[in-house]
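Engineer: All chains, full assembly: derive it from the sequences and hints.
If you're matching them up, the sequences are chains A and B in order. At the far end of the first sequence sits residue 687, using this note's numbering, and the numbering has no gaps. At the far end of the second sequence sits residue 350, using this note's numbering, and the numbering has no gaps.
Quick caveat, the hints were computed from the structure, so don't treat them as lab data. All C-beta atoms, glycine included, are put in the ideal place defined by N, C-alpha and C. A couple of the hints might just be wrong.
[Said to hold, decoys possible] These stretches of chain B come out as covered by chain A in the derived footprint (C-beta under 8 Å, 3 or more residues):
no.: 1; stretch: 128 to 135
no.: 2; stretch: 248 to 262
no.: 3; stretch: 280 to 293
[Said to hold, decoys possible] If we take Cβ atoms under 7 Å as the criterion, some of the chain B residues that face chain A in the derived model are:
no.: 4; residue: Glu39
no.: 5; residue: Gln72
no.: 6; residue: Cys244
[To be verified] FRET-style restraints, in silico, Cβ to Cβ:
no.: 7; chain 1: B; residue 1: Lys285; chain 2: A; residue 2: Pro66; range: 20 to 28 Å
no.: 8; chain 1: A; residue 1: Asp569; chain 2: B; residue 2: Lys285; range: 33 to 41 Å
no.: 9; chain 1: A; residue 1: Gly34; chain 2: B; residue 2: Leu179; range: 53 to 61 Å
no.: 10; chain 1: A; residue 1: Glu603; chain 2: B; residue 2: Lys9; range: 51 to 59 Å
no.: 11; chain 1: A; residue 1: Asn621; chain 2: B; residue 2: Gly41; range: 45 to 53 Å
no.: 12; chain 1: A; residue 1: Lys369; chain 2: B; residue 2: Met210; range: 53 to 61 Å
no.: 13; chain 1: A; residue 1: His44; chain 2: B; residue 2: Leu56; range: 16 to 24 Å
no.: 14; chain 1: A; residue 1: Gly199; chain 2: B; residue 2: His306; range: 31 to 39 Å
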Amino acid sequence: MVNYHKMDKIPTICPYCGCGCGLYLHVEEGNIIGVSPIRHHPVNRGALCVKGWNSFEFIQHPERLKYPLIKENGVFKKSSWDEAIRLVAGRLTDIKKSYGPDSIGVMSSAKCTNEENYLIMKFARAAIGTNNIDHCARLCHSSTVGGLAVAFGSGAMTNSISEIADAKVLFVIGSNTTEQHPMIGMHMLDAVDKGATLIVADPRRTQISEFAHIHLRQKSGTDVVLLNSMMNVIINEGLVDIPFIKRRTENFDAFERVIREYPPDVAEKITGVSPHDIKKAARVYATEKRAMLFYSMGITQHITGVDNVRSCANLCMLTAHIGQPMTGLNPLRGQNNVQGACDMGALPDVYSGYQKVIEPSARKKFEQAWGRKLPSKPGLTLTEMFDAVLTERIKAMYIVGENPLISDPDSSHIREALEKLDFLVVQDIFMSDTAEFADVVLPAVTFAEKEGTFTNTERRVQKINRAIRPMYGSMPDWRIISEISKKMGYNMEYRATHEIMEEIALLTPSYRGILHHRLDGNFGLQWPCLDPDHPGTPFLHRKKFAKGLGTFIPADYIPPKESPDKKFPFLLTTGRIYFHYHTGTMCRRTSTLEREYPECCAEINPEDANTAGIKHNSMIKVSSRRGTITVRAYLTDRVSKGTIFIPFHFREASVNLLTNPALDPLAKIPEYKVCAVRIEPVL
Amino acid sequence: MKKDMILEKSNLSYWLRQLRKEMLLIGPMHGENGDIVLKTVENIHEIVLDCPALIPSPKEFLFPQKEEMFGFSTEGTKNYRNSKRRLIFGVRSCDVSAIGLLDRFYGGKFIDDYYTARRENTVFISVGCNKPDPTCFCNGLGTGPFLSSGFDIQFSDLGDRYLVEIGSEHGLSIVKKFSHLFSKPQKSDYDDQYEAILSSHAMFEKRINLENARQKILSGSVEDSFWAGVAERCFECGGCVYECPLCTCFNVIDRKYSAIEGVRLRNWDTCMFRGFTKMAVNVWPAEKKIMRTKRWYFHKLLYYPEQFGRFGCVGCGRCTITCPGRIDMATIAYRLKVGNNED
Chain A
5 MVNYHKMDKI PTICPYCGCG CGLYLHVEEG NIIGVSPIRH HPVNRGALCV KGWNSFEFIQ
65 HPERLKYPLI KENGVFKKSS WDEAIRLVAG RLTDIKKSYG PDSIGVMSSA KCTNEENYLI
125 MKFARAAIGT NNIDHCARLC HSSTVGGLAV AFGSGAMTNS ISEIADAKVL FVIGSNTTEQ
185 HPMIGMHMLD AVDKGATLIV ADPRRTQISE FAHIHLRQKS GTDVVLLNSM MNVIINEGLV
245 DIPFIKRRTE NFDAFERVIR EYPPDVAEKI TGVSPHDIKK AARVYATEKR AMLFYSMGIT
305 QHITGVDNVR SCANLCMLTA HIGQPMTGLN PLRGQNNVQG ACDMGALPDV YSGYQKVIEP
365 SARKKFEQAW GRKLPSKPGL TLTEMFDAVL TERIKAMYIV GENPLISDPD SSHIREALEK
425 LDFLVVQDIF MSDTAEFADV VLPAVTFAEK EGTFTNTERR VQKINRAIRP MYGSMPDWRI
485 ISEISKKMGY NMEYRATHEI MEEIALLTPS YRGILHHRLD GNFGLQWPCL DPDHPGTPFL
545 HRKKFAKGLG TFIPADYIPP KESPDKKFPF LLTTGRIYFH YHTGTMCRRT STLEREYPEC
605 CAEINPEDAN TAGIKHNSMI KVSSRRGTIT VRAYLTDRVS KGTIFIPFHF REASVNLLTN
665 PALDPLAKIP EYKVCAVRIE PVL
Chain B
8 MKKDMILEKS NLSYWLRQLR KEMLLIGPMH GENGDIVLKT VENIHEIVLD CPALIPSPKE
68 FLFPQKEEMF GFSTEGTKNY RNSKRRLIFG VRSCDVSAIG LLDRFYGGKF IDDYYTARRE
128 NTVFISVGCN KPDPTCFCNG LGTGPFLSSG FDIQFSDLGD RYLVEIGSEH GLSIVKKFSH
188 LFSKPQKSDY DDQYEAILSS HAMFEKRINL ENARQKILSG SVEDSFWAGV AERCFECGGC
248 VYECPLCTCF NVIDRKYSAI EGVRLRNWDT CMFRGFTKMA VNVWPAEKKI MRTKRWYFHK
308 LLYYPEQFGR FGCVGCGRCT ITCPGRIDMA TIAYRLKVGN NED
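Structural biologist: So this is what it looks like as structure tokens:
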């Protein structure tokens, strides 16, 4: 049959945010010519956001890395795969021999598949022999993973996206949902249309807040006070679910003592939210059974990130809004596979399925399976690794699909560290700013050129399918890793990704029943999936918390590390905008997205602008104690007086030159949401 | 021209198999989990004919989301006009009505070479709709569920046979060679078709009258507060335009492959984006969402009728499926009718 110009539609999963929308890639003669939504997908139901609709354009972009590059005398030279792999394996082995395995740091990627994250984790731990592995979840939801593990025993979204539309109360705190998780925002609007009450707590007037029945505009960094005060009202007015607390939780008394200190009038002084609004929100949330709580970066990216998360958990337990459909605590994960990268153990302290490296039994299991002695001490986190480079504890880094130079706080510090490294390997699809510092750059493939699985924010493990052959001379990440590992003397022999999944299932209790053949032709499985016939779990903590009893962990207010003062009078908060994504590697090579939002704009309240003599659309200088950037001013009352918002996508005005690298003591997440700056017009 | 034939259902796959030797056969096939999508037909018996609205619309075969127009280098330019022969089987009447308007738009005063090259080599076979979706409202616009003209070939399912109506030279060309497979229709066949049409009409759930909406807007009684309420719900995804079988906007970009070589592409674009009318020195004439949502509705409801004598909507219901903010044509037409107080 002559069918040389076949037109096919390959079902796969969107590579942008954690919603995990289903889409078809339209392929004609090896060219990707379009995208369309999967109509019956439980997340997007036939819709897509602008990024999803345009997700095809960067795949075959001519700027894709085409062959391995090796730096010689400061200039990149084209090399063969053989040569590059030999060099990487050789140098890493040398460094390991001279300085020990812990002198190497590995960064995995939340854009890679589960299979790849698992292999990268195995590569770090078994082939190199270090627990120095981490990925960008450190910068977004490490406070969730850590905070909820102690409170509930599982740090993931407890409920499912398809439940949202039937909820009666939605409490959204620190999430710009309609812009950052648009398809979840769609379900929220559906719920509101059906009569649900929407409470939004966000210092910015975001799109979702326009639909809110109650909008609490707390000051950035005062979430603990706001939540404690709501719980104070709930306890005082007797809206607590006493049987639930008695039966399923512990440490209530100690928690109550702390909460007593946050009556609404005290909270008003710190948060700026009126007692009336706090009471109203507390009553609405507590008295409705079907109440879901959502949060995102506004909660996690603070030095009190873990405290914020725990306070949210306390609120859920106090009102028994957990363990049932249409309730729960729902952290919205940012990257398409950040949930999966965490699940796969691309973290310094756990193996896949959050099995702790310090636990001898877990370590023994992995040692047996992998045939290597494994290190027992937890490794360094991503944010600590760069400090360790400057103190010469880390000599080499292997970075997969990340761009820390733009994404991490205090970029000058990161730049210094990258320059200092003895050896840096970057594996990516485009030449990123970080890759410029590399000794070897390895060309990897996009989601359209490989098979594997992504786990979305609601724990749904979904299969992605290969639509085209790897572009130019690129290779899937899992193949690159196994080749290097082999050269380093640790054999990784997999014929295809389903073999890796099989190994994951074998070693990971929550993925026990998740195998590729079960994911074909349906919309995936939600973990925990405990055996090959298990249907998956739409909501967690039914009848019993994952760790047995839920624990109330009280949190006291700690102010942000750097508050506005005389010299730096404005509070800078950072975040994403709808048309762009993270460091812009993909979206800024997409013509529509780039046209819609071509340059970095700082949102400033018109009153502040007036005082500072700044005009709409004029250029301004924003400076903090760490650096200065020049951006365009955008006057809007979306931000309140005294606050400035700048997105972090733009390398030409990298807001992370300004941000404060102060860390949450437990999660080591940096405080992206608050730092002090001053502004001045550019004359 | 119009010519009618009868095709026994048992002859269909043989006919399609023969046609497939000369042209690419595209039809509604099973996608993921209950989805039906238009793609290359590998196995003819797997074609699904009683299918819901296909997402996206078949305009993608005439005006694809991404199309290479020409390549350029120091050697000169190379045109990439696409003239593959295609047979698109199983589209619906609303789609055919839309293509009729696309033909007038792209082949009117200014002829779009890329569109025309594809159009001249594509034959559409539509199937009179006997299973409308709950989102469909073509019956109120005369763009479906069955058409009396404007198609290449229209099938009407009469149980064991199809009434095949041929409406263009294009259509005739693929029937002529296989006349032995077809027979002449009897009066009873037309009676059966009439019955099919009537029962199809009875199945529609939505009753939308766009003329009411148009009159309401023209009367000046729709205030900006109404459109502000609409705009507020817009996610700026572009889905309504991407999905619309009638929307024709595109953006032109150049892609550089090297210092001396590149390609010019066009991509689907939408007037729902603020950058659509962006001008130099950071001027965004339609920066406010309300201006853009209003423009889209005005274009569909007011300017199309002025320009083409027909609404810029065929009632396919795709925007109802794809709009995350639920501000699709059917909903807005309804809200225009009842005013802003939906309750």
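Engineer: Are there at least three residues in the stretch 280 to 293 of chain B whose beta carbon sits under 8 Å from a beta carbon of chain A?
Structural biologist: With 5 residues close enough to chain A, the hint holds.
Engineer: Starting from the hint 33 to 41 Å, judge whether the C-beta atoms of Asp569(A) and Lys285(B) obey it.
Structural biologist: holds (39 Å)
Engineer: Mind checking the hinted window 20 to 28 Å against the Cβ distance between Lys285(B) and Pro66(A)?
Structural biologist: holds (24 Å)
Engineer: Mind checking, does the stretch 248 to 262 of chain B have 3 or more residues with a CB under 8 Å from chain A?
Structural biologist: Three-residue rule met by the stretch 248 to 262 of chain B, so holds; n is 4.
Engineer: CB of Lys369(A) to CB of Met210(B), is that within 53 to 61 Å?
Structural biologist: holds (59 Å)
Engineer: Taking the least C-beta to C-beta distance, is Gln72(B) closer than 7 Å to chain A?
Structural biologist: Since the shortest Cβ distance to chain A is 3 Å, the answer is holds.
Engineer: Could you say whether the range 45 to 53 Å given as a hint is met by the Cβ separation of Asn621(A) and Gly41(B)?
Structural biologist: 49 Å Cβ-Cβ, so the 45 to 53 Å window holds.
Engineer: 53 to 61 Å was suggested as the range; check whether the CB atoms of Gly34(A) and Leu179(B) agree with it.
Structural biologist: violated (35 Å)
Engineer: Taking 31 to 39 Å as the stated bounds, is the beta-carbon spacing between Gly199(A) and His306(B) within them?
Structural biologist: Because 34 Å falls inside the window, the suggested range holds.
Engineer: Hint says 51 to 59 Å; check whether the CB-CB distance for Glu603(A) and Lys9(B) agrees.
Structural biologist: Once the Cβ atoms are compared, 57 Å apart, the range 51 to 59 Å for Lys9(B) and Glu603(A) holds.
Engineer: Residue count check for the stretch 128 to 135 of chain B against chain A: does it reach three with CB-CB under 8 Å?
Structural biologist: violated (count 0)
Engineer: Does Glu39(B) hold up as a contact with chain A if the rule is Cβ-Cβ below 7 Å?
Structural biologist: holds (4 Å)
Violated hints for the displayed structure, listed by number in ascending order: 1 and 9.
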